[in-house]
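2 protein chains.
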Amino acid sequence: MATLRDIAKAVGVDISTVSKVLQGAPIRVSESRRQEIFRVAEQLNYRPNMVARGLRLGKSGAIAMPVPSTANYLYPEIIGGAEDAADRLGYVLFVLKQSAVDPLGRILNIVAQGRVDGLIFADDAPSAELVSALNGRRVPFISLNKGSDLDSHCVALDDQAGFALQAEYLERLGHRRVAFVKVIPTSFTSELCMGTFAARLEPEWVWECDFFGEGVLSVIERYGASDAPTAIATASVVVAARLVQGLREKGIRVPEDVSVIGYHDSPIAQWPLPGVTTVKMASREQGMRGVEALCELIAKGTFAGEVVSTPPEIIDRGTCAAVLPC
Amino acid sequence: MATLRDIAKAVGVDISTVSKVLQGAPIRVSESRRQEIFRVAEQLNYRPNMVARGLRLGKSGAIAMPVPSTANYLYPEIIGGAEDAADRLGYVLFVLKQSAVDPLGRILNIVAQGRVDGLIFADDAPSAELVSALNGRRVPFISLNKGSDLDSHCVALDDQAGFALQAEYLERLGHRRVAFVKVIPTSFTSELCMGTFAARLEPEWVWECDFFGEGVLSVIERYGASDAPTAIATASVVVAARLVQGLREKGIRVPEDVSVIGYHDSPIAQWPLPGVTTVKMASREQGMRGVEALCELIAKGTFAGEVVSTPPEIIDRGTCAAVLPC
DNA sequence: TTGAAAGCGCTAACAC
DNA sequence: GTGTTAGCGCTTTCAA
Chain A
1 MATLRDIAKA VGVDISTVSK VLQGAPIRVS ESRRQEIFRV AEQLNYRPNM VARGLRLGKS
61 GAIAMPVPST ANYLYPEIIG GAEDAADRLG YVLFVLKQSA VDPLGRILNI VAQGRVDGLI
121 FADDAPSAEL VSALNGRRVP FISLNKGSDL DSHCVALDDQ AGFALQAEYL ERLGHRRVAF
181 VKVIPTSFTS ELCMGTFAAR LEPEWVWECD FFGEGVLSVI ERYGASDAPT AIATASVVVA
241 ARLVQGLREK GIRVPEDVSV IGYHDSPIAQ WPLPGVTTVK MASREQGMRG VEALCELIAK
301 GTFAGEVVST PPEIIDRGTC AAVLPC
Chain B
327 MATLRDIAKA VGVDISTVSK VLQGAPIRVS ESRRQEIFRV AEQLNYRPNM VARGLRLGKS
387 GAIAMPVPST ANYLYPEIIG GAEDAADRLG YVLFVLKQSA VDPLGRILNI VAQGRVDGLI
447 FADDAPSAEL VSALNGRRVP FISLNKGSDL DSHCVALDDQ AGFALQAEYL ERLGHRRVAF
507 VKVIPTSFTS ELCMGTFAAR LEPEWVWECD FFGEGVLSVI ERYGASDAPT AIATASVVVA
567 ARLVQGLREK GIRVPEDVSV IGYHDSPIAQ WPLPGVTTVK MASREQGMRG VEALCELIAK
627 GTFAGEVVST PPEIIDRGTC AAVLPC
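Residue numbers (my numbering), protein chains in the order written: chain A, 1 to 326; chain B, 327 to 652.
By construction, these hints were calculated from the structure, which means they are not laboratory data. Where hints are given, some of them may not hold.
[Stated by the list, open to error] Here are some chain B residues pointing at chain A (derived, C-beta under 7 Å):
hint: 1; residue: Arg365
hint: 2; residue: Glu368
hint: 3; residue: Gln369
hint: 4; residue: Arg373
hint: 5; residue: Val377
hint: 6; residue: Gln439
hint: 7; residue: Gly440
hint: 8; residue: Glu575
hint: 9; residue: Ile578
hint: 10; residue: Trp597
Since the structure is predicted, the reported quantities are computational estimates derived from the model, not experimental observations. We put the beta carbon where it would ideally sit given N, CA and C, even for glycine.
Construct the entire structure; sequences and hints are all you get.
Written as structure tokens, this is what we have:
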């Protein structure tokens, strides 16, 4: 690994001169020297050692995105957007899986070790404990989900608009008796969303479902036991996809017998063939804006919480049908 | 952030003494001092700055696991195992998503910047270009998949045993006319696996399928157009799960009309209710062993390629039935 | 125009 | 037993 010193030696100038030239600092050097320095740097394939620079500058040039699980099907979108923004802004983005046994451990560890300049929480808003630890260490962070603490720096999706659209869409198709499936564990946001949906179209049934386990089966059972809603709205594209599939396996036709609509969008939405209808949110953009906001926070120390206002969009994949007048 | 100096000042000793004591170096200090140093360190919530230590020691204490996509449903297992091992060995593991436009860019970047001591490739074996770049920079790496270059350091699963078991299982159930679905893009390993399967049970049809897109649909079409095999074996649990679901949506019964078996295991296997039968491989252990091997490589500079020999296991979730004698 | 020097936080060889 | 010192690679005043 070539260092500044190697270049300096080769060119015959001082190391500090090389540093300044390579940084493009406002310094007057003879043009020939400047050329020569760049030439040699190129030739030696010089790359600044960010660890050393970080030590000197008191910052690392890296940010981390802790995720509770690498198995979440929404993350690819968010992560993709975040990486793009990080690349563009000269930061390295590391995805850090939280440990199941000690969710805070790894995060506090890398923060305390000075490995990252900031954090961006992809899913759960950080716990109060984590927030106070982070504040104590003066490490800025952005959350992509509102926690109960509305003061925390947050780049949120406009879920109000999203769920309003979801309800409106079903309503427009003539659905009046619908079930809403919440994703558990429920969060501050999810309760809010449920409320937004209900404001437009009051669900007659409210069910709950986790991503894995028996959740989907139990929803199907409850569907069977109920006085059949004409549509099932869910707060998740994963649950929606599994639901379509599970219902069909039971011989219940989608959308002929019941319509199903999800929330968010991801490749998983295409698994029930030819796919499940969802409300597509601007997750990718959210990831991008989140990183941009974090960098702003790192640089300026301030950031006004914001909402990604890109309008939600219905992706019609044919699992919702109009209710026929009887 | 408390530094060594803060502690030294508070206790009234030299910074180097603190360093040595805290490291547990074989040094003789008066017991009272030792106690006092630990006490103050604790009180100040001291955590060594790994960036500084890294600079001094010429290593960062971090390793990265580049993944081509965070949407792969097998990774959670591997990553989980890798993280455990990394924690245990005192390393931080970062997941690094490769950029779609410049797959090598981010990897070379963090390596050149001295951010990581080694790499562990979760999926694709590194390209020849990457291998030579890595060797040039003397950055050790482990691949979890054999590339065409058998010399590269690799911690592989015993896929020979896995596919032999898959074939054997179907054979034992009486299947003779089977289709095998390869995952594309095919790799060195996948060809090998296909061979292992065929050695035991020659497939009458060999089809191909990618994870997303139209792959599954086209396999179903080909199934319909063919002189119906009694079983479909796949090299992927994702494809198997989607296949079960897609077939059932078309009214083809699984396993009554056709058996389906996957490969690997992941939560996704439980999506077709109540799940798809697969050959479970020791992915988690592979992640663990991979990190252990990498650390060995970092420390000792040598490592003999190895195969994770934990025997594969059939997880029967009811998508394979015995062929009835006609 | 260029260089010398200090220092980020840490470790390790060596001195007392 | 404990302190001094040098230095990892880099940036940045300040001096020449």
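Results for each hint:
1. Interface restraint check: Arg365(B) against chain A, minimum CB-CB distance 19 Å, threshold 7 Å, status violated.
2. Hint on Glu368(B) is violated. Least Cβ distance to chain A is approximately 14 Å, over the 7 Å limit.
3. Hint status for Gln369(B) relative to chain A: violated, with the closest Cβ pair at about 14 Å, above 7 Å.
4. A hinted interface residue such as Arg373(B) counts as satisfied when its beta carbon comes closer than 7 Å to some beta carbon of chain A; here the least separation is about 4 Å, so the hint holds.
5. At a threshold of 7 Å, the smallest CB-CB gap from Val377(B) to chain A is about 5 Å, leaving the interface hint in force.
6. A least Cβ separation of about 4 Å between Gln439(B) and chain A falls short of the 7 Å threshold, and the interface hint therefore holds.
7. Taking 7 Å as the C-beta contact cut-off toward chain A, the hint placing Gly440(B) at the interface holds, the least distance being around 5 Å.
8. A least Cβ separation of about 6 Å between Glu575(B) and chain A falls short of the 7 Å threshold, and the interface hint therefore holds.
9. At its closest, the beta carbon of Ile578(B) sits 12 Å from a beta carbon of chain A; the interface hint therefore is violated under the 7 Å criterion.
10. At a threshold of 7 Å, the smallest CB-CB gap from Trp597(B) to chain A is about 6 Å, leaving the interface hint in force.
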